[in-house]
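A.B. asks: Using the sequences provided together with the hints, build the complete structure.
Residues 0 to 288 (numbering that gives the first Met the number 0) make up the sequence shown, in order.
Check the hints yourself; a few may be wrong.
[What the hints assert, rightly or not] Dumping the calculated DSS-like pairs for lysine-lysine here, alpha-carbon to alpha-carbon at most 30 Å:
# : residue 1 : residue 2
1 : K270      : K251
2 : K265      : K251
3 : K215      : K251
4 : K215      : K283
[Claimed, not checked] Here are the in silico distance ranges between beta carbons for each label pair:
# : residue 1 : residue 2 : range
5 : E113      : D147      : 18 to 24 Å
6 : K207      : E185      : 31 to 37 Å
7 : I199      : K143      : 41 to 47 Å
8 : R142      : D223      : 48 to 54 Å
9 : K248      : E134      : 17 to 23 Å
These are computed hints drawn from the structure, not numbers from a lab.
Where a beta carbon is used, it is the ideal one built from N, C-alpha and C, also for glycine.
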Amino acid sequence: MRKSEGKEYLMVFDFVDNANMFNEALSMHRMFNEKEYRPGNFILAPKAKKRFELDLWRKGERPDLYLDIPIYGTDYEEINIFNWRDEVKDMISQNEFVRMVSVQNETISRYINEGKIIPDRVIETGYRNFNFFYEDTVKSYARKYNWDIITQANMMEKFMEMVEKMDMSYSYKPVLLYAMLENADENGKVAVEDLIDYFIYFYENRRKKGLIVEKKKCIYLRGDYTRNEVMKNIFSNPFKRFEDMGFMKRSKDLEYVEFNKNIWNKLTNDKIKLIISYCDNALKRYYDE
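C.D. replies: Okay, here's the thing in structure tokens:
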């Protein structure tokens, strides 16, 4: 209540109907998970007051504190306070789907767009949709399309298979693995700045030796790139491939990246030598073609 000139009191009603980023109208009922709506009822109040108020409504009486407006005990309805986070809390997101199977995000996205994969729940927003799946759905599609399910037990095996196969559009994947293995600390963490330094060194060293820097148009052909451009290149291209499969991730401290613990803890010296040999062979194939 606020005083206003010429009036004893001024009551201001503030109606808020702004949608949040998930296209949900904001209301007190949604915020506090209240499904029952009665015009003028308490939303925030001690339980005793809310019980007393409810008893009055049941008797057909109006609480004394209400304005004399046409509100009756029959003005009652159950409203939809749909909270998508509650509905999908036990489901698997599309990103988690990708990390569970032996294919990359582009394949999953394409199959969804083509109708080959149907999400169990789609959260529509103003700018994109979020797809969610039950675990049984993910396993069913993995069987249907002959994809391997990646688990803690077989993650190292799947990582080595990916490195040996090394599908390459650019030369970046082997360079990332060189950089990760050379700069990792005892916990498998690598400073992002060290990755940037390694990428710059690798491509500038090829330039100095008169070797092909890169076969396709990219920032390294220019030579006047910035460290920020190199960082964006690393995370948008090679790192994302390994991250999608769950083999690497950004650390909680965003200045670092790290190997998945299930891989790092099994990386023996022999396996590291094998990975380096796979990278050497992949780069030789790439630049010689």
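A.B. asks: None of the hints should be skipped; say for each whether it holds.
C.D. replies: Hints, verified against the model:
no.: 1; hint: K270 x K251; verdict: holds (27 Å)
no.: 2; hint: K265 x K251; verdict: holds (22 Å)
no.: 3; hint: K215 x K251; verdict: violated (34 Å)
no.: 4; hint: K215 x K283; verdict: holds (16 Å)
no.: 5; hint: E113 x D147: 18 to 24 Å; verdict: holds (21 Å)
no.: 6; hint: K207 x E185: 31 to 37 Å; verdict: holds (33 Å)
no.: 7; hint: I199 x K143: 41 to 47 Å; verdict: holds (44 Å)
no.: 8; hint: R142 x D223: 48 to 54 Å; verdict: holds (50 Å)
no.: 9; hint: K248 x E134: 17 to 23 Å; verdict: holds (21 Å)
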